[in-house]
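Note that the protein sequences, when read in sequence, are chains B and H.
In terms of the numbering used here, the first sequence opens at residue 58 and continues consecutively.
In terms of the numbering used here, the second sequence opens at residue -9 and continues consecutively.
Some clues are possibly wrong.
So the derived list for chain B, only partly shown, Cβ under 7 Å to chain H, looks like this [stated by the list, open to error]: (1) K105; (2) M110; (3) A134; (4) Q144; (5) E160; (6) V334; (7) V336.
Straight-line alpha carbon distances no greater than 30 Å define the calculated DSSO-like cross-link-like pairs of lysine-lysine that follow [to be verified]: (8) K127/B - K0/H; (9) K70/B - K350/B; (10) K79/H - K127/B; (11) K70/B - K127/B; (12) K159/B - K127/B; (13) K0/H - K79/H; (14) K70/B - K0/H; (15) K0/H - K186/B; (16) K159/B - K186/B; (17) K159/B - K0/H.
No wet-lab data here; the hints were simulated from the structure.
Quick reminder that beta carbons are idealized off the backbone N, C-alpha and C, glycines included.
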Amino acid sequence: MNVMLRTDRLAKKFGRVEALESLTVEVPEGSVFALVGPNGAGKSTTMKICLNMLRASSGTAEVLGVDSRKLSPAELARVGYVSESRQLPEWMTVGRFLAYCKEFYPAWHDTAVAEFVRTYELPLDRTLKSLSRGQRVKAALAATLAYHPSLLFLDEPFSNLDVLVRDQVIETILAAGTETTVFLASHDLAEIESFATHVAYIDQGTVRFTEEMGALSTRFRSIEVVMGDGAAMPARPPETWLNLEQAGPVARFTDSRFSAAEHDAQMRRVFPDAREVNVSAMPLRSIFVALAKSAKK
Amino acid sequence: MRLVLQIFRKDTERLRGAILLTLALLAYWTFRDATLPWGTDPRLYDAGPDNWLNLALPLAWAVLIALAIQEDSLVGDRRFWVALPCGWKPLIAAKAMFVAAFIHLPYFIATAIILGARGFNPTAHLPHLLWKQAVLLALTIPALGAATLVRNVAHFLLLAIALASAVVLRVRDFNLIELRGWVWDIRWELALIVVALGAAAVVIFQFIRRSTRISRTIGVLTAIAAACLYSWLPRNATAAVSAAFSRAPGGDVTVRVGSETPRFSFGTWRYNAATVRIPLVLDGDESFERQADQVSLEIVTADGNRYNVTPARDINPATREAVAATLYKTPAGGATWEVLDFVHADVWNRLRQGRVTLRGRMIVEYEQAVGRAMLQAEEIHCAGNAASRFTRLVPIVSLGCDSVEIGGRNIRFSDRAGASLQERRVSLSHFPADPWLSPIHRSYAFFTSDVSPVGYASRGFRVVDYELPNIDLNQFVVEAR
């Protein structure tokens, strides 16, 4: 497996604030790797370090096998970056913007750009400043995907976009296929769930876990136990159970290491008087809410 | 080169309004400077719009530079260009091309137009025009450096105002028109060179590394170094540097006491305890005129006591031991006078009791007359490469003189009988003016008699140490209370 992006114990301090603390991830080639976490978790900082926009306080980042601090124009020509916080030259018309970007990328495809312009209905004669947020993201995506980047960084690409535009953006990303590895940062979990192949959860500058989406969905389960009369909550529940709460005779928690084979035996052991046990799969959003609540405790 | 042109075109397109504005300002300044009436009194010029253009135009250029740099700002991590596959070399080359195309080149053309309009052949004065370009670099490089360190143009303006205020407060007389008489004291120039070098380092470092904190540190250290250099560099050092970089031909001079009798006071220190004028003779190659300026001086008494004497321009009259020294030359061919102003009576009374030794250091500028003397009403060519014109105003004769290579300070006047009118400088009848943007050195003078101006070209400097033993100060007193 080729690794397109690798960070090793990446740390970044802004004054006394620790934005990143020993972040280690590997993004395999052809994957859609989602870096998720709450606002201020360090997602954008990670991306900026990977693109040599910021310097890490310690640790390293490798992009396309090259130390991010030594990225040359040749490597950057194979990398795309779309971010809601990136300041585009807003005085340019869309047409001028695309023409300006073209000169920097030898692999630029005019036909691809024409296709994006048609699909996205981009007004070539309007300035970027006059476009809606969604149209601006589309213009930036068009200017990025026009040269078929090997690695595409997307920093909060869906933020403040309406549903239709989100779908269009996701379709575009998926259409890029496996030739473009996507490293995306978002807190929009519902969209990510539909197309990310890998996910890393980052909170307070630290990666809580990194996993393939399939394995993650299998591993987390929401469990509800209806206990017998007078039954008490377990004094020492397993550590993999998150957010164990009681409401009357009902105990609810998230099992972060669910195993169908061991589940029944474990329930009998911890809740010997249980009348009913309901196990349900969790959407990505619920998993992260559970993780976030657990982290706060 | 493709990327350089791409970025350059983008900046030009984006900033066309600001470019047109600075070009319009430059065009206006060019018109004003080219058509400035002959013999304009610099005191009027000093307060007029033409002089303010010497401030406004550089400020406009500096803002244009800041706008160009901020188009692809080096500070912050949100700029579009940072993730583009564009190394620092095309970027810095594009910005340099922008500055060259819209500041240096137009200024070069403007200065050439002014020379032509004032009767000089620009081609013949190409080295001078290139020198003016080098002077302009002292503005554009620091402006580039500052622009790479700030987050936006508003911050740049604040920084520019803060730096300009600091300079004005420190230098105090921030002459847009230079009226100083001596060019050997190059502290200001050295400070500017330090600033330009430091700014160049900031620009290169910031473009290569985009490490704003380190670059800002370099910038601050540069400013501190330049301020220290300007404030505390000893006169001995600046004299040595001037003499080293511009060593006069011909041999050294020796200094001895002359035989002329002091006649009148220098007139600067009207409330001194005493003023002494010692005539000096500077022996050496007779093919040069020499102007001497005091670098340092000490008076040593017979019993070994030493009194440091301060060059007059640095004197602080409040100092208890203050004695001021000035080397002053009377009309061409006359003596050079060592003028000592004793501010406090007790110092004077001590030193007049016995004979003393004067140990001093002077810097001597070697000069030669160029061209021929010009008679009244004759036009042009008073010094071979200068232009002048008389205008008769009742009841005086006023004279304006344009010069390319000769500073106004080096134009001497004599009346038609040939007697030098050099002393008139003291009475403020002669005003050399060197607005820093203009390629023309101008001077203005007025006399009650017809005059002939002669231009003198500097041939360099020499530092001369001298000792005058066994001096009885009482012999040379011209004024005592």
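request  = Decide if the proposed pair is consistent with the structure: K70/B and K127/B, CA atoms, cutoff 30 Å inclusive.
outcome  = Judged against 30 Å, a Cα distance of about 21 Å means the pair holds.
query = Per the CB criterion, is V336/B less than 7 Å away from chain H?
reply = violated, 45 Å
ask   = Hey, K0/H versus K186/B, does the alpha-carbon distance stay inside 30 Å?
value = Within the cut-off at roughly 16 Å; holds.
inquiry  = K159/B and K186/B were given as a pair; does the straight-line alpha-carbon distance stay at or below 30 Å?
reply    = holds, 20 Å
message = Is the interface hint satisfied for E160/B? The criterion is a beta-carbon contact with chain H at less than 7 Å.
response = Hint on E160/B: holds, closest Cβ of chain H at ~4 Å, below 7 Å.
query = Holds or violated: K79/H with K127/B, Cα cutoff 30 Å?
reply = holds, 15 Å
message = Please verify whether K70/B and K350/B have alpha carbons no more than 30 Å apart.
response = holds, 25 Å
query = Is it true that the CA of K0/H sits at most 30 Å from the CA of K79/H?
reply = With Cα atoms ~17 Å apart, K0/H and K79/H stay inside 30 Å; holds.
ask   = How about Q144/B: closest beta carbon in chain H under 7 Å, or not?
value = Hint on Q144/B: holds, closest Cβ of chain H at ~5 Å, below 7 Å.
query = Can the hint on A134/B be confirmed by a CB-to-CB distance to chain H that is less than 7 Å?
reply = Holds, about 4 Å.
message = Checking one constraint from the list: CA of K70/B to CA of K0/H, max 30 Å. Satisfied?
response = Roughly 35 Å separates the two Cα atoms, so the pair is violated.
ask   = Would the stated hint for M110/B survive a check requiring a Cβ distance to chain H of less than 7 Å?
value = Interface hint status for M110/B: holds (4 Å vs cutoff 7 Å).
Hint compliance for this structure: hints 6, 7, 14 are broken, all remaining hints hold.
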